[in-house]
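> Sequence:
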Amino acid sequence: MIIMQLNDLSKSFGAEEILANIKIEIKDKDRIAIVGRNGAGKSTLLKIMAGEMSYDTGELIKPKDLTIGYLSQHTGLESSNTIWNEMLEVFSDLILQEKKLRSMEAKMAQVHELEPADAEKLLAEYDRLQQDFETNGGYSYESEIKAVLSGLNFLDYDDQTPINELSGGQKTRLALGKLLLKKPNLLILDEPTNHLDIDTLSWLEKYLLSYPGAVVIVSHDRYFLDKTVSLVYEISRHRTKRYHGTYSDFLTQKALNFEQEMKEFEKQQTEIKKMEEFIQRNLVRASTTKRAQSRRKQLEKMDRLDRPLGDESSASITFEITKRTGNDVLKINDLSFRYDEGGDPIFKDVTFHVSRGESIALVGPNGVGKTTLLKNILGKLAPSEGTIQLGTNVQIGYYDQEQANLSSHKTVLNELWDEYPHVNEKDIRTVLGNFLFSGDDVLKPVQSLSGGEKARLALAKLRMQKANLLILDEPTNHLDIDSKEVLEAALIDFPGTIVFVSHDRYFINKIADKVVEMQRDGATVYLGDYDYYIEKKQEEEELERLQAEENQPKATNEKKLSFKEEKKRQSEERKRERQIAKLEEDIERLEEELASLEEEMTKPEVYENHEKALEYTNKTNEVKQEIENLMDEWTLLQG
1 MIIMQLNDLS
11 KSFGAEEILA
21 NIKIEIKDKD
31 RIAIVGRNGA
41 GKSTLLKIMA
51 GEMSYDTGEL
61 IKPKDLTIGY
71 LSQHTGLESS
81 NTIWNEMLEV
91 FSDLILQEKK
101 LRSMEAKMAQ
111 VHELEPADAE
121 KLLAEYDRLQ
131 QDFETNGGYS
141 YESEIKAVLS
151 GLNFLDYDDQ
161 TPINELSGGQ
171 KTRLALGKLL
181 LKKPNLLILD
191 EPTNHLDIDT
201 LSWLEKYLLS
211 YPGAVVIVSH
221 DRYFLDKTVS
231 LVYEISRHRT
241 KRYHGTYSDF
251 LTQKALNFEQ
261 EMKEFEKQQT
271 EIKKMEEFIQ
281 RNLVRASTTK
291 RAQSRRKQLE
301 KMDRLDRPLG
311 DESSASITFE
321 ITKRTGNDVL
331 KINDLSFRYD
341 EGGDPIFKDV
351 TFHVSRGESI
361 ALVGPNGVGK
371 TTLLKNILGK
381 LAPSEGTIQL
391 GTNVQIGYYD
401 QEQANLSSHK
411 TVLNELWDEY
421 PHVNEKDIRT
431 VLGNFLFSGD
441 DVLKPVQSLS
451 GGEKARLALA
461 KLRMQKANLL
471 ILDEPTNHLD
481 IDSKEVLEAA
491 LIDFPGTIVF
501 VSHDRYFINK
511 IADKVVEMQR
521 DGATVYLGDY
531 DYYIEKKQEE
541 EELERLQAEE
551 NQPKATNEKK
561 LSFKEEKKRQ
571 SEERKRERQI
581 AKLEEDIERL
591 EEELASLEEE
601 MTKPEVYENH
611 EKALEYTNKT
621 NEVKQEIENL
631 MDEWTLLQG
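Using the working numbering, read the sequence shown as starting at 1 and increasing by one per residue.
The set of hints was computed from the structure by calculation and includes no laboratory data.
C-beta: ideal position from N, C-alpha, C; glycine also.
Misleading hints may appear alongside valid ones.
The list that follows gives simulated cross-link-like pairs (lysine to aspartate or glutamate, EDC-like), each with its CA atoms no further than 20 Å apart [to be verified]:
1) Lys27 x Glu592
2) Lys619 x Glu605
3) Lys348 x Glu358
4) Lys510 x Asp249
5) Lys331 x Glu517
6) Lys380 x Asp249
7) Lys603 x Glu593
8) Lys178 x Asp328
9) Lys100 x Glu89
10) Lys241 x Asp482
11) Lys29 x Glu205
12) Lys182 x Asp197
13) Lys206 x Glu191
14) Lys47 x Glu16
15) Lys619 x Glu591
16) Lys206 x Glu605
Computed beta-carbon distance windows for the label pairs [as the list claims (entries may be wrong)]:
17) Leu122 x Arg569: 52 to 62 Å
18) Ala489 x Gly39: 15 to 25 Å
19) Gly39 x Met1: 29 to 39 Å
20) Ala489 x Gln253: 16 to 26 Å
21) Ala489 x Asp441: 41 to 51 Å
22) Val525 x Ser12: 49 to 59 Å
Turn these sequences into a full structure, and let the hints guide you.
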């Protein structure tokens, strides 16, 4: 069922057009991503959908009873309530019902004092109210609150903590939690992954997959989008285009579409050129004039294709080094840090070594001390115990997620030029141009820049350093997806060494060849990318669980599976579940394709044209057969 439709929607701010001819359709179980460059109008579109902003032209159609939940980028709960009482507000109707039930139970204790008719009426009303209470989750709402607070990493917090004592990021997470508990028909999330660590992201992915309503997401976290969405709308040049599948599917399909459109355009251009040459050669010759005139009429009537528009302009990032380091770049041994002598350490016993050319990702939950460790390496903080040893010729370049090294009162141009006064202005402007600062943009004050622009400026400063050891703290924060991809390409080609902190799992997969997981009392090194790290973690957890089961006493007649057999069984079960999920995705995609084909066949230009009708019939039969084959395979796997 369609729950919202946007037809030819447009929005401008003054003379600046933001959105034009926007077409979006949302069904009740859809998982939709809205993607596009920073400034493309994604957040504006979400605000229009949520009813928080008007639009200029077009129409937005939705049922009157549609409930919408909207989380903006900068939403944070502002309340003097405690964490628990704030979450309870979501279930205020159920709490009133519960009080009424308790009151009725008190009356029922004195039922012998009532007239039989009144007693029967009371019992009937109690039974009806109790069933209604149970159906609406009256017996499970407290466990729901606990599950959401646990998933959003509030398990270690006293639930009587006042919200106004929390940080901005914690308030944002609570706003998300409250919204999830409300379960609106349409959930609209603008950058929901901000302020979430990797464990919390994984929990949110699973939660959204089982969410009962429709979900529309704007996010720059590509790994998150791949896990959660099955439909992508791209906003480019103010308009939308729809793609079926995950974010990765969208990238593949977009590239194929561009390639096909370019081939068709070039083919038509070749045909036009041949026709024009024929007309020029033959128009003045009496014997061929009629043929030339006929070709000219054909040319005039031809529906000319526009050259396909490629991607909008991208940053051009490269990082160079002035000198090469030795093989040993960084050695950290038994490192511990505490802010106050005698206080609890932020982290302790951290050991890992970094060699030339390696790219090391530091991961771990929020608060475990990842940024603090980077500041220890930089010498901004002194370790309490242990040693940090830099190799020969090491020059450190640092990217600070807070961009504290930018001067708000300077212009973009002077931010670089003041630090490198001997470099020509033209060369400074060239560097800034590579980071998408051109023309008068370089004269903007730094304080007026958006988060994405400040991130690009900080990266431009980093590029000027030509350091051979890059220390990067959340380098992809504030960057749109295209800028992330450009940064990835630059770091992959970087001839030096990288140590970075990131919650962007897609970025970690692309860049890291080692993952160091930080804990409060040490660090574990995994020799691979993020997917390898997750696989190893799952193996470790599985091993621990199986060993715990092995240690539990069992009945003598119980048949034991060996560790290898159990591991194999679980591996096969996971494989079967993945195959089932993939089949279900393919079946859904083919069913949508079939519906689209059948709709096309109802159009006069198709059913009145014998050749087209036959072509569509054959294609429809092929799709039906493919669905039938997949359904057979799905049934077989279901066992």
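> Hint by hint, note whether the structure agrees.
Verification of the supplied hints:
no. : hint                        : in the structure
1   : Lys27 x Glu592              : holds (12 Å)
2   : Lys619 x Glu605             : holds (17 Å)
3   : Lys348 x Glu358             : violated (24 Å)
4   : Lys510 x Asp249             : holds (17 Å)
5   : Lys331 x Glu517             : holds (16 Å)
6   : Lys380 x Asp249             : violated (43 Å)
7   : Lys603 x Glu593             : holds (16 Å)
8   : Lys178 x Asp328             : violated (49 Å)
9   : Lys100 x Glu89              : holds (17 Å)
10  : Lys241 x Asp482             : holds (17 Å)
11  : Lys29 x Glu205              : holds (15 Å)
12  : Lys182 x Asp197             : violated (23 Å)
13  : Lys206 x Glu191             : holds (17 Å)
14  : Lys47 x Glu16               : holds (18 Å)
15  : Lys619 x Glu591             : holds (13 Å)
16  : Lys206 x Glu605             : violated (45 Å)
17  : Leu122 x Arg569: 52 to 62 Å : holds (54 Å)
18  : Ala489 x Gly39: 15 to 25 Å  : holds (22 Å)
19  : Gly39 x Met1: 29 to 39 Å    : holds (34 Å)
20  : Ala489 x Gln253: 16 to 26 Å : holds (21 Å)
21  : Ala489 x Asp441: 41 to 51 Å : violated (23 Å)
22  : Val525 x Ser12: 49 to 59 Å  : holds (53 Å)
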